[in-house]
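Okay, here's what each chain looks like letter by letter:
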Amino acid sequence: MTPSAPTQRPQTPLRRMARRFLQHRLALGSLIGLLVLAILSVSAPAIEVLLGIDPDTVNLLARFAPPSLAHPLGTDELGRDMLLRLLYGGQISLAVGIVAALFSAVIGTAIGIVAGYYGGIVDRILMRFNDFVIALPLLPLLIVLAAIDLNKLGLPDEIVQSENISLYRIVAIIALVGWNTVARLVRAETLALRRREFVRAAVALGTPPRAIMLRHILPNAVSPIIVATTLSVGNIILFESVLSFLGLGIQPPTASWGNMLTNAQQMIWSAPELAIWPGLLIFVTVIAFNFLGDGLQDALDPRALD
Amino acid sequence: MLRFATGRLVESLAVLLIMSWAVYVLIGLMPGDPIDLMIAANPNFTSADADRLKALHGLDKPILERYATWLMAALQGDFGYSRTFTKPALEILLPRLLNTFLLMGLSLFLSLAIAIPLGVYAALRPYSRADYAVNMVCFAGISVPSFWLALLCIILFAVRLQWLPAGGMETIGHSGLLDRAQYLVLPVLVLTIASVGGFTRFVRASMMQTLRQDYIRTALAKGVGSWRLVVHHALRNALLPLVTVVGLSFGNLFSGALITEIMFSWLGMGKMMYDAILGNDFNLALVGLLFATSATLIGNFLADIGQVALDPRVSFAARSSEE
Amino acid sequence: MKKFLSALLMALFAWTGPAGAKDELVIGISQFPNNLNPIIGSMLAKSYILGLARRPLTLYDAKWQLTCMLCTDLPSLEKGTARHETTADGKPGIAVTYTLRKDAFWGDGTPITTKDVRFAWEVGRHPKSGAAGRELFTRITKIDTPDDRTFTLHINKRTCDYQAINDFEILPAHIERKKFADPSAYKDHSAYETDPTNPGLWFGPYRVVKVVSGSYIALERNPRWWGRKPQFKRITIRAIENTAALTANLLSGNIDYIAGELGLSVDEALTFAQRKGKPFKIVYKPGLIYEHIDLNLANPILKDRRTRRALLLGLDRAGITKQLFAGHQPVAHGQTNPLDSVYNPDIPKYAYDPKQARKLLDQAGWTQIRGGIRHNSKGDRLQLEFMTTAGNKSRELVQQVMQSQWRQLGIDVRIRNQPPRVYFGETVRRRKFTGLAMFAWLSSPQNIPLSTLHSKMIPEDANGWTGQNYTGYRSKEMDKIIDDLEVICAPDKHRALWHDMQSLYARDLPALPLYFRANAYILPKWLRGVQPTGHQYPSTLWAENWRVER
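Here the protein sequences come in this chain order: A, B and C. So in my numbering, spot 88 of the first sequence is number 88, and the numbers just go up one at a time. So in my numbering, spot 38 of the second sequence is number 38, and the numbers just go up one at a time. So in my numbering, spot 512 of the third sequence is number 512, and the numbers just go up one at a time.
Bear in mind the hints are in silico, worked out from the structure with no lab data behind them. None of these values were measured; they are calculated from a predicted model. Just so you know, even glycine gets a beta-carbon here, dropped at the ideal spot from N, CA and C. One should not assume that every hint holds.
Heads up, simulated DSS-like pairs for lysine-lysine below, C-alpha to C-alpha not over 27 Å straight-line [as the list claims (entries may be wrong)]:
| hint | chain 1 | residue 1 | chain 2 | residue 2 |
| --- | --- | --- | --- | --- |
| 1 | C | K102 | B | K87 |
| 2 | B | K54 | C | K178 |
| 3 | C | K102 | C | K178 |
Covered stretches of chain A (in silico footprint by chain C; criterion: 3 or more residues with CB under 8 Å from a CB of chain C, positions within the stretch not fixed) [unchecked claim]:
| hint | region |
| --- | --- |
| 4 | 59-65 |
| 5 | 240-250 |
| 6 | 258-272 |
Make a model of the complete structure from these sequences and hints.
This is how it looks when you write it as structure tokens:
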């Protein structure tokens, strides 16, 4: 997916964008859906209290229970409430997707702006670095990262011994290798803006490059960044599920939709419903982020038909 | 043109070199190499045994020295033996490459064959119901976890309906063309579902942009028949950017699709690379990676060239400074 | 026309259905062997396939008795075919004499002779040959071959199990001798790699006829096989790594049978059996796969034996195996399997007793409960790190149950799993786990636990991180028992030593025994004669007995 980079961008009133976005019914629906999902996920502890169940306590006598009042979606292979697991898994999956996408957007923006602004040799080096990162196989990186002694890196015990450590690892690695699209877009945008009058004027006035990049270029390049980041949230959620499939994803007992789906895979014959729910949620979430990105693109693109 | 090409070539070679080095070091850094694992598995294994095997497999020297040795041999066309398969690395690689090429090529072809008409169709009726439907289908394909889709396909077509084999390359004992074709259907289907959406969306966006161009509007105003217009003018221009996108996915033809290959026991590059990396099979992993990366870089390069060749408005001078 | 169409469709899809005439068997396993040379490297997939095409000299049979396969009789001190001797450097040694079967031939008709035995020894002990398990080969100082079928091994170490030379794999000298001209290139140039369908490499009931690397290996009846004529003309072993795909292939008829040795775990088999198991016969065979948790005894919390006992008492292992494995994986009370002839039934056992566990924890000083977690008077938190192989669903399942059960006692157990290669190759091997490490030992019957329990086997820098005593268990008493077990062979005394070893293990608990893992064989109803062994020697070693019965 390569959102085409617009080359010229007259100042569009915010209101017009909002109106165009609201017209994009799928995107609007997606946004609402995602918000609901996010709110539900975040309020999982409250729901936990409401239902009066602990999502971590294993109950071997109630494995694979069908939906009931106490367990609206039944229980999983260890007798834990499916609904709560899905909500807590949602927290993790959404957090991984959003945080990693934001980090890679920051890195990509920085690299793209520098490459586009300075051009020449800096640009060529950064773009070949970009090629390099795209081609680099993730697998050995992941394994090396899984083995690094984080205590030696000076991280506090609190983090190292936390059960969410696999989460931090995955966010870190995705941020490190996932910035390509944004970098490419921002670079193209910067190249175009670099030739614009107001940037040239700023250069002529002797404004330091940092200020030009931050004050003049970045605000004008923000819409492709937003669109690409939104779209990459979905991709990252999918990627997390693939990592789980390979045994390199979020580690239990922390639930994520990816590892729930992978776990359910082996029970596909006896308890297919365990695979349906996380699969469906991944599908719906990813598709919603895609629609949202699509809608944003239409709304932010000044050339789109009104 | 020539300067642009040679410049890119040199840069790409530098990328290849650095990457092979980085991968070599990364694989070397992974803890638990196979000989460590042997020590863990075999109670009678002594440290002398470990040293002996490490020396035999050339794993006892410092990693930089090993890399230099490997590089010199590779430059002379000797890619060495695969450690895990105990066969020349190229002998393992080539059949896999062929399999991957077949699988990925077919799915790329199929994706384009579906995406182009679908994208054009949607672009001609923007924001209509049909457009929304196409949009839905596209995004649905992109948004399914691939192993889940593969499993659902296996359950439906292989187990329930028994129409197609659940996985593998050929029926053992039969090796006709038709037989092999059956085994291709499901993996190609899964890969196509996953990739068709991206292409369709791209064709649609590009087509819509072209249709807004002045010369098309002029042609429309002049009364050129709309169907001819679409085919002759708009489509041609709209497909130009697609060349870039296809060029960028050229690398996939050589690197394979790990998950699909695992699910359908397809002997492709993705699985081979995965196993080679996990098995510290330096020679095999590197030769595979070199192939895949070169293909990606060549693809990018061809995409650039193709763009120029097909679109006279883009000049090399402009591209080489801006690309 | 319609008829023609349907005929065409039939022709198109006929091959995918289950094969009609059953002179062919397709077995699914979850791993493809890297190579087929019996001496270079060892892996389960390889020994499974080699079981069809080769036979070891000696091995443990399905009744866990040591027997001869390629030889005629086991050597014995009583019969004079084994005798004690002194080695050249004055140490106690032993000479054992075996005779090869008269009717043993390589698949190309060349008789199997002592030349092949001698050649295998040469390869096995050569430092550059790439042989993985050289221990036995280097222990043999000399081989006498009075004739083509009789050979005497002079071994420089006297042990009670002197009869067993299970790891001695012979090689066809008439083919491999010239490949061994350059020993360091042998691993790559061996005919097992370059020409695996050469009939002269094989001598089992089947021989390899086709190898499609990564996909399948096809074997056909070997006309020179000396034993019972196998019923299946052809056996194909297909490797499918993903277990969901493996079961799908079974259901769609692509494969007939999922091997127990390398197939589904018990919990996977159970969920499969629940809805789809009807057309199949599912056999669960518990065996010598000892699933346990190694404890890092240097950890101040785990140093205290009371805490270790409390950990075990706080686990409802019977409940776990009943609920998760339908009771097919028996609870282990120590590392010796009850089916083993040396098992001691009178060892201390730790049935689920949370009350007693709490009492022991209190005694060990973990008395103050804050936020549900115990602390001691110094304010230390009762917190342990629990590691195992990431991606192993069975283990992850059990691990979460145990974590939950321990938390109820006020023990904060943190799960931190790693990919297998990191876990085994680094963390466990170099004893980098700080608390608990769950994994399994696969062993043969009557395996003396020298490498796992003797204090000289604690991996450390000084010994190049070899040995498997990962817990760091040091007990003079245990060291003595193990040393004696190797040399005191009189049946009564030997058995008494085994019993002492097991009670000591159960009292000290350097590791927490969990259960003995079972293999799940998913067999078609018409297949008879597959006899799971429950130890490291696969059922394929008796494949000539496999029969079709409708």
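_Of all the hints numbered above, which does this structure not satisfy? Sort the numbers upward._
Failing hint: just 1.
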